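S.K.: Use these hints to put chain C onto chain P, whose structure you have.
Okay, here's what each chain looks like letter by letter:
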Amino acid sequence: MTTQISEEELVRTLKQNSQSSFEYLYDHYSGSLLGVVTKIVKDTEKSEDILQDVFVKIWKKIGDYDPSKGRLFTWMVNIARNTAIDQVRKDKNIWLEDIDELHGQVDKKASFQPEMSLFDLKGLTDKLKTDRKVLIDMVYFQGYTQEEAADILKIPLGTAKSRIRTALQDLKTIFKI
Amino acid sequence: MNISEYIASGILEAYVLGSTTPQEKQEVECMSKIYPEIKEELTTLEGTMETYAKMHEVKPSEGLKSKIFAQMTFDEPVENSTDEALPVVEESQTKVISLWPKLAVAAALIFGVLFVWSYKKNGESEAQLAALKSEIQQEQVKISSTESMLALFKDSQNVKMELNGVEKSPNSKVLAFWNKETEEMKLVVDKLPVAPKGKQYQVWGIVDGVPVDMGMVDLDFQNKILAMKVPKGNIAAFAITLEKQGGNPTPTLEEMYVIGNV
Chain P
1 MTTQISEEEL VRTLKQNSQS SFEYLYDHYS GSLLGVVTKI VKDTEKSEDI
51 LQDVFVKIWK KIGDYDPSKG RLFTWMVNIA RNTAIDQVRK DKNIWLEDID
101 ELHGQVDKKA SFQPEMSLFD LKGLTDKLKT DRKVLIDMVY FQGYTQEEAA
151 DILKIPLGTA KSRIRTALQD LKTIFKI
Chain C
1 MNISEYIASG ILEAYVLGST TPQEKQEVEC MSKIYPEIKE ELTTLEGTME
51 TYAKMHEVKP SEGLKSKIFA QMTFDEPVEN STDEALPVVE ESQTKVISLW
101 PKLAVAAALI FGVLFVWSYK KNGESEAQLA ALKSEIQQEQ VKISSTESML
151 ALFKDSQNVK MELNGVEKSP NSKVLAFWNK ETEEMKLVVD KLPVAPKGKQ
201 YQVWGIVDGV PVDMGMVDLD FQNKILAMKV PKGNIAAFAI TLEKQGGNPT
251 PTLEEMYVIG NV
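So the sequence lines, in the order shown, correspond to chains P and C.
Just so you know, the first sequence maps onto residues 1 to 177 in my numbering.
Just so you know, the second sequence maps onto residues 1 to 262 in my numbering.
Isolated chain P (complex conformation) (with noise of 0.2 angstroms):
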């Protein structure tokens, strides 16, 4: 791994379309970029093609990045999620039959069955609750809204919305550790 840059320094030297910078964000990012598109789309060729229209996408619209709305990463992620779920969406036109598979998936996850090679997180966060795990890894790696979610896990979109904001809160002190 190369040092590390400042964000400000990067997203600068990106929008002047330096060859460097961008080998630097595909060497840090690509990953994590890759790790939510295979969560999305279940296939692991399909998602180095799209990585390869997200990392394209991502070169080509820098000039549209505002870095006052928020971080580099999370811009990014927005265009790997959208690709993707538009892919998944023009692949088989059987979305909501996708939503009725994850069903029966989720019901068994919200009555502590977890499956935990779908999380692979590494022990650390096995502190966080199944179920608010579940609520976060649909709406962030799968693109479900929050209520999609709480309708599939059959739970009120006010407790769907308060178990993630306390999941993203138990992970903000998780990764502090």
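The set of hints was computed from the structure by calculation and includes no laboratory data.
Careful, some of the hints might be misleading.
[What the hints assert, rightly or not] Derived coverage of chain C by chain P (criterion: at least 3 residues anywhere in the stretch with Cβ under 8 angstroms from a Cβ of chain P; other residues may be distant):
no., region
1, 17-28
2, 43-54
3, 59-69
None of these values were measured; they are calculated from a predicted model.
Beta carbons are placed, not taken as given, at the ideal position from N, Cα and C, and that holds for glycine.
M.R.: The following block gives chain C in isolation, referenced to the frame of chain P:
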């Protein structure tokens, strides 16, 4: 507006998870610009999800990087545009005729002075008289508006505020004089782009976190003192957005030009 309540509402979490509606997204971005506490919480949450995603990372296969970079080009820096051939030509042209415009301007000035002078002496031209009258009138209006602006500054009842430009229009600036007694606000536009056809600026007060309409800015706002009614309640900020003529019930946040915190 209660900032801790806003932070506790869960909307920032929804934002970093990408599950907000476009409107909520705008709102969060706007609020985090106004309130450093919100910005700080948002940045922490973004960092949290960044770490969370990092933990779920999937390493791309070896050849992918070169495949991606083959689709990108780096040789042309983005901003390198048109200033090559044009100036040379223009410069030589300007040199040839450079004396004439100066003479023309000088002549125009002399004529202008002569005109005013001659008309003053014998009062011939009615049209010119009218023109001059209206000019004087305009000057008087300017003077009186300057005077009343001065009065605004002097009035100790007024809370003076600056509404400063946001990224949409960083140079914009509007001065506000808030009389809490009478719940009135006078606005003086220092700098604001001319409103395009069919559009008009609208003033908002952020009351308990909700933007409340305070009225429209006159289409011709230069050198004017604009009176607004300040809504009751706990006001966090004042802002001006560009809306359709006659105004909108809720502000279009991406068209926000200036904002000032209380």
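S.K.: Against this structure, judge whether each hint is valid.
M.R.: Hints, one by one, checked against the model:
1. 17-28: holds (count 3)
2. 43-54: With 12 residues in contact (Cβ-Cβ under 8 angstroms with chain P), the coverage given for the region 43-54 of chain C holds.
3. 59-69: holds (count 8)
Going down the numbered hints, you'll see the structure goes against none, and every one checks out.
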